[in-house]
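These protein sequences, in sequence, are chains A and B. The opening residue of the first sequence carries number 0 in numbering that gives the first Met the number 0; numbering runs sequentially from there. The opening residue of the second sequence carries number 0 in numbering that gives the first Met the number 0; numbering runs sequentially from there.
Simulated from the structure, these hints should not be mistaken for lab results. In this text, a Cβ means the ideal position worked out from N, Cα and C, and glycines have one as well. A few of these clues could be false.
Non-contacting residues of chain B with respect to chain A, defined by C-beta distances greater than 12 Å in every case (computed) [claimed, not checked]:
#1 40
#2 257
#3 314
Here are the simulated BS3-like pairs of lysine-lysine, each with C-alpha atoms no more than 27 Å apart in a straight line [as the list claims (entries may be wrong)]:
#4 B:217 - A:181
#5 A:264 - A:37
#6 B:217 - A:51
#7 B:217 - A:145
#8 A:278 - A:264
Computed footprint of chain B on chain A, listed as stretches where at least three residues anywhere in the stretch have a Cβ under 8 Å from a Cβ of chain B [unchecked claim]:
#9 153-167
#10 180-190
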Amino acid sequence: MRLSISSSNDRLPTRYWLTIWVGILFFILAFILFFEFKIRDAGWMPSVVDSKQLWAYHRKRASEIGKKAIILVGASRIQLDIDMDTVKDMSMLEPIQLAIDGSLFMPVLENLAQDDKIKGTILISVNASILSRFSHSQLRPSQWVKYYQDTYLRGNEPYRVINNKIKSFFDEHMVTRLQGAKPITVISQFALQKPSLGNYLMTYPDRSRDADYTKVQMPHFYAARLQRHFGKNLVEKTVSFEQLFSIYHKAILNIKPVNTRSFLKGVDALMGLILMIEKRGGKVILVRFPTDKLLWEIDNRKYPRDIFWNELKKRHPETIHFSDYPSLSKYHLPDGSHFDYRDKKSFTKALMKIILSSDYAG
Amino acid sequence: MPFNTYTFIAFFIIVLIIHYSLRDWKTQKINLLVVSYIFYSAWNPIFVFLLIISTICDWIVAKRIYSSHTQKSKTRYLMLSLVINLGLLGYFKYGAFWLDNTIHLLSTVGIIFQPASFDIILPVGISFYTFQTLSYSLDVYRGKLKPGNSLLDYALYVSFFPQLVAGPIVRAGDFLPQCEKPRRASQDQLGWGLSLLTIGLFMKIILADTLFAPVVDKVYDNPEQFNNLETWTAILSFSGQIFCDFAGYSTCAIGIALCLGFVLPDNFKAPYAALGFKDFWQRWHISLSSWFRDYVYISLGGNRISVTRTHLNVMITMLIAGLWHGASWMFVLWGGLHGFYLLIENKIRTYYHGDAKLSWVTQLALIILTYLIVSLTWILFRAENLNDAAIILSHLYSSSSHPNRMILSFFEINMALLASFVLLTWHIYQRDKSIEHFYNRIHPVFRGVFLFAQLLIIYLFASGDDHAFIYFQF
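Extracted from the complex, chain A is given alone in its bound form:
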């Protein structure tokens, strides 16, 4: 039979197809498995991808659970520093991790405040710097909230639901798709990182994260964090911790406190949202998570605690500042800003003890 328009069937490349395809599949599998094992061998481990889909799933749970939920809002600190099992065991509430790494929490809190089903406890990781930047447009949290409202709640096309599940499965089980990255990125990073220490971050299905700082190169890692926090790079080449401290310490001494105007506007906005949640029986606790060494010094010089935090506490007494509690401030934070996963359990225990005793509000 001839088709009216010629087709690929009329001129098929013939012969050896079985051998060709068996060979192709064999070599593809061999390539993938080789790098999977090689990269794992160097200390890299597959991890759940902290995607908007996963966030939306937990966001929906927060609405469903209602009063029995303890919702965690903020950025990387609350995501890395809190042990979810400890929260659950001590509070008898269901912890929901809604923090978004590297972002300002306002769009998430706005979304929670507008949802009448949110009636439980909300724990917010807050500091003066965040509140001073509250009006900055933040693409990621806004996009995730928009995705939740416009797409996730409406229901995805059936094939997308299945596709997300299959993709998540591969992302969670293949180290070459670490954090949902393209394999070329992971493989080239693995090849370029000498010595290869592996990935220091692990994400879990409940969106909590572990940081293993034995897998990062110090003091480079600390220096990079410090530089981001300070806003300027003061060391061009590799230096020791001591040199780093001495160089930055001198510079930090010149930091002047920032104006409180934007901060106060941020506090007003925050209080408005808290009021909405409290009106329907919800509870909001503001927590200043620990930072240490030079990072804390930078924070405290820019936003002196006596001026900024005390103002916040005046407006909303349910606040916990780590520096008020030896049980919270005794830890060494390897990068100056986050806990190593080995310490997070005892820190969470100490924090939950304070929360449950309710004596922080006085």
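Given the coordinates of chain A, assemble chain B onto it according to the supplied hints.
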């Protein structure tokens, strides 16, 4: 579900296993029909009913046309088919467009009309399967086709999942005979079918989505910010993107059908190596352009009436073809421009006795000229509105307010331009050949190496996100 998803790969493996474990041909066809409906419902299960209604209507209407004794009665039934098919298409695809235009038109004469807002969801692939069912009724009406006796075969023709949502638009005369006898893919068909699927996915995932799309999206999203080089890069990149996206889909569709033992027609034939616009439309989306030629242009009288009428028919056909691509005046303009090019070319051909043999230098120059004009015309196809299109056009020769500031990286520009050049060269090389010709000529070991390399690159560079095929929106 789009072909470039994990869901489809899993679906296709299951379909292949079930299809080849069934022995009875009728059961195999029932299975293919059921999985085609499952495939379609993966977007929105409700719209499967629309597909079934469309199928049944044309099945009945075609029977009635055939059994009618008078021309008047045949025409009446044909009109019924046109009203049903074009009515569905008009409502779902153009409903909001017509309403917006009516509101706008009324407002220009001072009438403020504010109807209640309504959201119409466009059923994926409606433009494609509507054209298939229409062609069936039209072919029966013209006496070119005798209606088949099997509703199952006809339903499979309309819904066959490889070509259901984005073509190629298959004619009943090509497909229905394939349903008559049991079809089992030979080892060569299966092997080549899988190869076509791989090549199509490579075109879509790597070339269209990874290489070209990022450059195109950046420039078209904020056209005023980019300089001449960046704008030209985006223009040529979009030519690459739309070809690799759509031809990639068609290649996958042909390959998947071949794995199941079915043969679908070619849809692209090195279009960027076209010598002029008539040649371009014989190479680009062939199944659609031949549909418009056979059912619109010829129905309007083609070139049989007068020169003026021929010109008018060409313009009408191209304007409708433009509108087929989407409910926007930008597409109509795009179609209109192509119609205009065809008329100009026709004049030139008449003047220069166009069939004369051209030297290879002239041919090459004409190919490049056609490619550039086609690429520039794509601006209307891709830009959000006329204002954006005007900005892009103006940035082709003048520049942004910061002519020396580059937003795209040199790597992005070099890769996109290199890929565009390779694509054009490949089309010129392939002008009178087929992809099968290339794979037939090389040693089987290199066949394996090429396919392995494509799969490996897909694995290494694919993000795993499903970027929609551009033609799904049509």
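Results of checking the hints against the structure:
no. : hint          : verdict
1   : 40            : violated, 7 Å
2   : 257           : violated, 7 Å
3   : 314           : holds, 25 Å
4   : B:217 - A:181 : holds, 21 Å
5   : A:264 - A:37  : violated, 52 Å
6   : B:217 - A:51  : holds, 23 Å
7   : B:217 - A:145 : holds, 22 Å
8   : A:278 - A:264 : holds, 21 Å
9   : 153-167       : holds (count 8)
10  : 180-190       : holds (count 4)
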